[in-house]
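Enquirer: Line order of the protein sequences matches chains A and B. Residue numbers for the first sequence follow my numbering, so the first one is 22 and each next one is one higher. Residue numbers for the second sequence follow my numbering, so the first one is 817 and each next one is one higher.
There may be inaccurate statements among the hints.
Using 30 Å as the maximum straight-line C-alpha spacing, the simulated DSS-like pairs for lysine-lysine come out as follows [as the list claims (entries may be wrong)]:
(1) A:Lys77 - A:Lys121
(2) A:Lys121 - B:Lys881
(3) A:Lys121 - B:Lys887
(4) B:Lys833 - B:Lys885
(5) A:Lys91 - B:Lys885
(6) B:Lys873 - A:Lys121
Beta-carbon label-pair distances, calculated as ranges [claimed, not checked]:
(7) B:Asn867 - A:Gly103: 48 to 56 Å
(8) B:Val931 - A:Ala99: 28 to 36 Å
(9) B:Gly832 - A:Ala89: 19 to 27 Å
(10) A:Asp88 - B:Val830: 22 to 30 Å
(11) B:Pro855 - A:Leu24: 16 to 24 Å
(12) B:Val830 - A:Phe31: 29 to 37 Å
Keep in mind the hints are simulated off the structure, nothing from the lab. All of these numbers come straight from a predicted model, not from anything done at the bench. Virtual Cβ for every residue (Gly too), placed ideally from N, Cα, C.
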Amino acid sequence: TQLLEQSPQFLSIQEGENLTVYCNSSSVFSSLQWYRQEPGEGPVLLVTVVTGGEVKKLKRLTFQFGDARKDSSLHITAAQPGDTGLYLCAGGVGGGSNYKLTFGKGTLLTVNP
Amino acid sequence: EAQVTQNPRYLITVTGKKLTVTCSQNMNHEYMSWYRQDPGLGLRQIYYSMNVEVTDKGDVPEGYKVSRKEKRNFPLILESPSPNQTSLYFCASSLGGGRGLAGYTFGSGTRLTVV
Numbered sequence: 022t023q024l025l026e027q028s029p030q031f032l033s034i035q036e037g038e039n040l041t042v043y044c045n046s047s048s049v050f051s052s053l054q055w056y057r058q059e060p061g062e063g064p065v066l067l068v069t070v071v072t073g074g075e076v077k078k079l080k081r082l083t084f085q086f087g088d089a090r091k092d093s094s095l096h097i098t099a100a101q102p103g104d105t106g107l108y109l110c111a112g113g114v115g116g117g118s119n120y121k122l123t124f125g126k127g128t129l130l131t132v133n134p
Numbered sequence: 817e818a819q820v821t822q823n824p825r826y827l828i829t830v831t832g833k834k835l836t837v838t839c840s841q842n843m844n845h846e847y848m849s850w851y852r853q854d855p856g857l858g859l860r861q862i863y864y865s866m867n868v869e870v871t872d873k874g875d876v877p878e879g880y881k882v883s884r885k886e887k888r889n890f891p892l893i894l895e896s897p898s899p900n901q902t903s904l905y906f907c908a909s910s911l912g913g914g915r916g917l918a919g920y921t922f923g924s925g926t927r928l929t930v931v
């Protein structure tokens, strides 16, 4: 079983600050997904990265996949209260019908006004 | 609107009383899956289905059953619920043959309490 370690577990910051959360593993993944889960709702897919070294931007969010495809980071610039939520990374291994997604335990982010 | 619909959203039941949590998706997705989410343990896969009449165990299948008679529906059945099945449950679906390659669409969750 591939394990994904997310850090930090909890993060509480003020509006306007920048932050980075990490997703690390000893395993190589064929792809890496990030989800955000708001209280009382299911996770929502933010991005999928598939190439080592890939960087994707989604407004104030920047996602990076490590060169060795074992880790990923999510950077948020000028955080807003609406960014509050549980951020989950999910690593994919295998291909075709054997592709399997494994989730990390998440980083709970609170952005205070 | 493309979505995964779970019912009920909240359920309190007693030990041993059979229950079914329904899940339906309107996106014609082949792949569907059930997860439970517990504090400190994250999302753990219970069962998944690659297509109609094809189901397989995930990481924590004990105490659960599923069926996939139609492409859109994937109910989760607890034949004899126990308190350790108190949890937040999510149904998810994904386009394509891979198990989540295209990303999951999750339902809004079912909070189950077994007393």
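Enquirer: None of the hints should be skipped; say for each whether it holds.
Expert: Okay, the hints, checked on the actual structure:
no., hint, result
1, A:Lys77 - A:Lys121, "holds (22 Å)"
2, A:Lys121 - B:Lys881, "holds (20 Å)"
3, A:Lys121 - B:Lys887, "holds (20 Å)"
4, B:Lys833 - B:Lys885, "holds (23 Å)"
5, A:Lys91 - B:Lys885, "violated (38 Å)"
6, B:Lys873 - A:Lys121, "holds (13 Å)"
7, B:Asn867 - A:Gly103: 48 to 56 Å, "violated (38 Å)"
8, B:Val931 - A:Ala99: 28 to 36 Å, "violated (45 Å)"
9, B:Gly832 - A:Ala89: 19 to 27 Å, "violated (50 Å)"
10, A:Asp88 - B:Val830: 22 to 30 Å, "violated (53 Å)"
11, B:Pro855 - A:Leu24: 16 to 24 Å, "holds (18 Å)"
12, B:Val830 - A:Phe31: 29 to 37 Å, "holds (35 Å)"
Violated hints, listed in ascending order, are 5, 7, 8, 9, 10; each of the other numbered hints is respected by the structure.
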